[in-house]
Amino acid sequence: MSATEFFQNVVNALQWGSFYALIALGYSMVYGVLLLFNFAHGDIFMVGAYIGFFVATAFLALFASGVGIITLPSWAILVLVILATMFLTSFVGMAVERIGYRPLRHAPRASAAITGLMIGIIFETSILAMFGAQRMKFPELLPGLASASQPTFGGVIISWQKILIVGVALVLMLLLQWFVSNTKWGMAMRAMAFDFAAVPLMGVPLNRIAALTFALGSALAGAAAVLYSMAYPVLDPYMGITVGWKAFVAAILGGRGSIKGAALAGFLLGFIEIFAATVFPSTYRDLIAYSIILIILVFRPHGMFGEEHTARLRL
Amino acid sequence: MLLSVRNLHVSYGHIKALQGIDFDVDEGEIICIIGANGAGKSTTLRAISRLVPVQKGDILFEGKSILHVPPEKVVSELGISHVPEGRRIFGNLTVKENLTLATYARKDKENIKRDLEYMFSVFPRLEERLNQKAGTLSGGEQQMLAVARAFMTARRVMILDEPSMGLAPLLMLEMFKALEEINREGTTILLVEQNARMALKFAQRGYVLETGKIVLQGPSQELLDNPDVKKAYLGG
Ligand SMILES: Nc1ncnc2c1ncn2[C@@H]1O[C@H](COP(=O)(O)OP(=O)(O)OP(=O)(O)O)[C@@H](O)[C@H]1O
Ligand SMILES: [Mg+2]
Chain A
1 MSATEFFQNV
11 VNALQWGSFY
21 ALIALGYSMV
31 YGVLLLFNFA
41 HGDIFMVGAY
51 IGFFVATAFL
61 ALFASGVGII
71 TLPSWAILVL
81 VILATMFLTS
91 FVGMAVERIG
101 YRPLRHAPRA
111 SAAITGLMIG
121 IIFETSILAM
131 FGAQRMKFPE
141 LLPGLASASQ
151 PTFGGVIISW
161 QKILIVGVAL
171 VLMLLLQWFV
181 SNTKWGMAMR
191 AMAFDFAAVP
201 LMGVPLNRIA
211 ALTFALGSAL
221 AGAAAVLYSM
231 AYPVLDPYMG
241 ITVGWKAFVA
251 AILGGRGSIK
261 GAALAGFLLG
271 FIEIFAATVF
281 PSTYRDLIAY
291 SIILIILVFR
301 PHGMFGEEHT
311 ARLRL
Chain B
1 MLLSVRNLHV
11 SYGHIKALQG
21 IDFDVDEGEI
31 ICIIGANGAG
41 KSTTLRAISR
51 LVPVQKGDIL
61 FEGKSILHVP
71 PEKVVSELGI
81 SHVPEGRRIF
91 GNLTVKENLT
101 LATYARKDKE
111 NIKRDLEYMF
121 SVFPRLEERL
131 NQKAGTLSGG
141 EQQMLAVARA
151 FMTARRVMIL
161 DEPSMGLAPL
171 LMLEMFKALE
181 EINREGTTIL
191 LVEQNARMAL
201 KFAQRGYVLE
211 TGKIVLQGPS
221 QELLDNPDVK
231 KAYLGG
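Protein chains in written order, with the working numbering: chain A, 1 to 315; chain B, 1 to 236.
Same shape as in the complex, but just chain B (with noise of 0.2 Å):
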């Protein structure tokens, strides 16, 4: 297994965000966790890429854990890229910057120009506005950035939270499609959506996320066609 989470815990103070929760992802998998606001899909993200303290349970990559690596390094040594929640790509910084401080710390020089290349394949309008301050790109392209700038970053897991928010269907529609080109390369996946048909549709397994407790897991196509699932995710 390549990510396990083993009975994981998280408390911001007396809330208890997370309570136990265990799922596994598998090297080349796309894996999706649905849940609704507040289940604690956000965390479940930040506890992986240690950017939480958890209270219990344990986080293996590769069987090892990694609760004792601290964040740059989860992203620079273990290869586990994270597009957080809001896109928080660099308003400041022009696009080009923004995938050149993404590679700050990578080691395979001689890869980078190849990624990035690849990455313009994929969404070609980023390199149509490389030189644009990427404040002023619109949404969808931002959130293209943040795709692409994870992906700069390290190309072994790509965690995503929420990658469709905000965006039209046609967009969402196109994001998914290249989050699976992504993954044809050799990228695991792991993303949290609210959105779960679409999300559904693109992962091959999925876990439901309740209020910190995971409730229901399986093959996608299993919960699509959950009555439950239909009811409470995938509006009726």
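The following block holds chain A by itself, in its conformation from the complex (with noise of 0.2 Å):
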């Protein structure tokens, strides 16, 4: 591998790595809060990235320049899009907490998992029975950034738009990061991790934290739906399904309920995937990266920021 290869391969694991990351999360921060996979975040991913698509073309209609009301530059609407889309995501995963988990908050897991995946399932179907089988395109964003000089390090270049997700990525973790160390909100959230039942006496809400663990994960769904689809531009319902599973992997990879683990495990698996495709046929990708995880998780099985705590008693 020449060097120019090796630093293309470091910009494409650490694209990868942000929508891991970012999916990863979500999965992460309600185990460790509700002891629950939810595995309905996939298909949240999913319908993020088609609110992201009509996100877009509403706003690119209204404010881009030459067809909107209101001329915005389109980085302005770039970051619009992203907004919007993580905050009327955010409802989808409360929806699927009020709807589907609540009401099996006492009765066995598997229960709550078996809803998950059905969940995900009326969600595929859903968006097949709305949209049809017709892949959709999503609308370019930022229109000349890829014809754009692009920058180069070391002789290599590295499209803006990967420098601008692995970006965006990063400032949204940063930020979740403080939100849970320094809001009153992310003490209740790590407080519910730790002894679930003496937290209603602490005065708060349990199921407003529930909900804002939800909230919070799938905001960060719809900001990676919207940066895949910029990479990725086309839609279909099943294009949580792989993304999904692989962030799960991330997310127990990193410890369960382990923000930064499930950040860090992201890029790593980022990392393996493309190294390994590097390294191996492109069809062994899979197989190679996952026996590697698989070793990994042999000599560590609460992942690599896991702890065995998980002293929930009942009051």
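None of these hints come from the bench; they were simulated from the model. C-beta atoms are modelled at their ideal positions from N, C-alpha and C, and glycine is treated no differently. Treat the hints with care, since some could be wrong.
Claimed, not checked - Chain B is faced by these chain A residues, among others (derived, beta-carbon under 7 Å):
no. : residue
1   : K137
2   : A191
3   : F196
4   : A198
5   : P200
6   : L201
7   : M202
8   : G203
Stated by the list, open to error - In silico DSS-like cross-links for lysine-lysine, where the CA-CA straight-line distance does not exceed 27 Å:
no. : chain 1 : residue 1 : chain 2 : residue 2
9   : B       : K113      : A       : K184
10  : B       : K201      : B       : K133
11  : A       : K184      : B       : K73
12  : B       : K16       : A       : K184
13  : B       : K107      : A       : K184
14  : B       : K56       : B       : K16
15  : B       : K96       : A       : K260
16  : B       : K133      : B       : K109
17  : A       : K260      : B       : K107
18  : B       : K213      : B       : K230
19  : B       : K96       : B       : K107
20  : B       : K56       : B       : K96
21  : A       : K184      : B       : K133
22  : B       : K109      : A       : K184
23  : B       : K96       : B       : K213
24  : B       : K213      : B       : K231
25  : B       : K56       : B       : K73
26  : B       : K213      : B       : K16
27  : B       : K213      : B       : K64
28  : B       : K213      : B       : K201
29  : B       : K64       : B       : K113
Taking the hints as your guide, dock the two standalone chains into a single complex.
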């Protein structure tokens, strides 16, 4: 592998790592706070992409230069599309929690897992029913970006788009980390992860924090969906499945409930996949990548940053 | 009457934990319920905090039933704080974060600083350990944090589940003195204890709970002098 190829791969790995990390955070937070694997999360990502499609189409019609009522620069439209998609996708997550999981809070864990899978199927088939099987093309949010002169780094061309995707993902992760460490809602989430039953005694409504956890995770999935659709602009109802399962693997690899772990494992997964594909034939990529992860988990069954603590007694 | 429990029945499945108990707590009192393991002490407090369903009977706060009030509102709206059995502090949060989380629902933001300073005057050790992870505190310090945390949630009534559990005699005395001090500042206290002697010394009145029923009640001194209480709870 030449140095140029190597750097290209690093950049690709960072881009894929960004998708995995953003989605993995949603799995991990929900697991940490509610001891629940939200198996509908990959499909929340997919719904986020469709929401992003409509938001982007609408905002371009409203604000793009030449057609819009008010003209905004395309970076501002992009920011608005990401924020609006995050906002709307968070309601998808809250609805899943409220309708699908809350009634099962005291049911066996397997019921919740099955419910998650079913909600996922319902999302996929509803989207299929609404928009048919034809694949939709995500609108170009930053026209001219691909044709602009791209930055080079040590002779390697790195696309603006990849820098943008990784940058936005990093900013969102840092914001999440800040939120969870410094706000009272973040404290409540961490307290809930430690000892569910003692939280109401602090005057904290458990249901509100559960909803918030889903909202945050789904908002990040919505952001991931917009970024993903910028890189791979074709939408289809099953686009959340593979990415979703891989992000789930990243969440496990990072350590269930660990924000830092989910983010780092997302990037690690990106690197393992991309570099497995450069060394081995690309059809072997996932076989090799996931064998490596299996080996890591044999040695660190709680993941990279997972703790054994699960003392969540009842009161 | 500030808090009244009337004919309270609580069951866990087919286990009848409380079989019709009655007691009252008046504003400003320190009241103690003593009883052996499994008598139903924790269940009584869980019922007041609305953490377990009530089969029969009622719990009245200022004369009004609170059975429909959700647990977080018992704390934030009625002002009844709860120091649970086994402390249950959040070990992954710092001391400061535990105390901050306790003020989550408080609307009187201007008083938070005052209450916090007051808690530091009662438990100076907490102030020295503000940025320490609560899980690394000693057992005694964790108990102080549990009490301070409860006080920060609400200061009208504090209910405590065996606050002396696991404390060395000297620390136990310190803990009860702190509770007495908190009570002097206006917080009504209801505590349940197996350690009957110490608890009755600090309480004005007491109740004796035996397998889900109140079998004796009266001023603390009377209970301390009662031969049956002496035999069963005070080591002869
Ligand atoms: N979650 C539960 N499920 C089933 N039974 C329970 C539960 N909690 C308590 N019990 C039963 O209810 C009865 C009263 O329990 P409770 O915890 O109120 O006793 P206690 O007086 O606090 O005892 P201790 O001094 O040991 O803390 C006991 O027989 C206990 O086994
Ligand atoms: Mg008990």
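Should the interface hint for A198 of chain A be scored as holding, given a Cβ-Cβ cut-off of 7 Å against chain B? Where the cut-off is 7 Å and the nearest Cβ of chain B is about 4 Å from A198 of chain A, the hint holds.
Within a Cα-Cα threshold of 27 Å, do K107 of chain B and K184 of chain A meet the stated pairing? Roughly 14 Å separates the two Cα atoms, so the pair holds.
Holds or violated: are the alpha carbons of K184 of chain A and K73 of chain B at most 27 Å from each other? Holds: K184 of chain A and K73 of chain B sit about 17 Å apart, inside 27 Å.
Double-check G203 of chain A for me: the hint is only fine if its C-beta lies closer than 7 Å to a C-beta in chain B. Check passed: Cβ of G203 of chain A comes within 4 Å of chain B, closer than 7 Å.
Given the proposed pairing of K96 of chain B with K107 of chain B, does the C-alpha separation stay at or below 27 Å? holds, 19 Å
Are the Cα atoms of K113 of chain B and K184 of chain A separated by 27 Å or less? holds, 16 Å
Can you confirm whether the C-alpha distance between K96 of chain B and K213 of chain B stays at or below 27 Å? violated, 40 Å
Would you check the hint for K260 of chain A and K107 of chain B, treating anything up to 27 Å between C-alpha atoms as holding? violated, 33 Å
If you draw a straight line from the CA of K213 of chain B to the CA of K16 of chain B, is it 27 Å or shorter? Distance of about 10 Å is within 27 Å: holds.
Hint consistency between K213 of chain B and K64 of chain B [alpha-carbon to alpha-carbon, up to 27 Å]: holds, 23 Å
Given the hinted pair K64 of chain B and K113 of chain B, is their alpha-carbon gap at most 27 Å? violated, 31 Å
Check whether the Cα positions of K96 of chain B and K260 of chain A lie no farther apart than 27 Å. holds, 22 Å
The structure fails hints 1, 3, 10, 12, 17, 20, 23, 29 (numbered hints given earlier, in ascending order).
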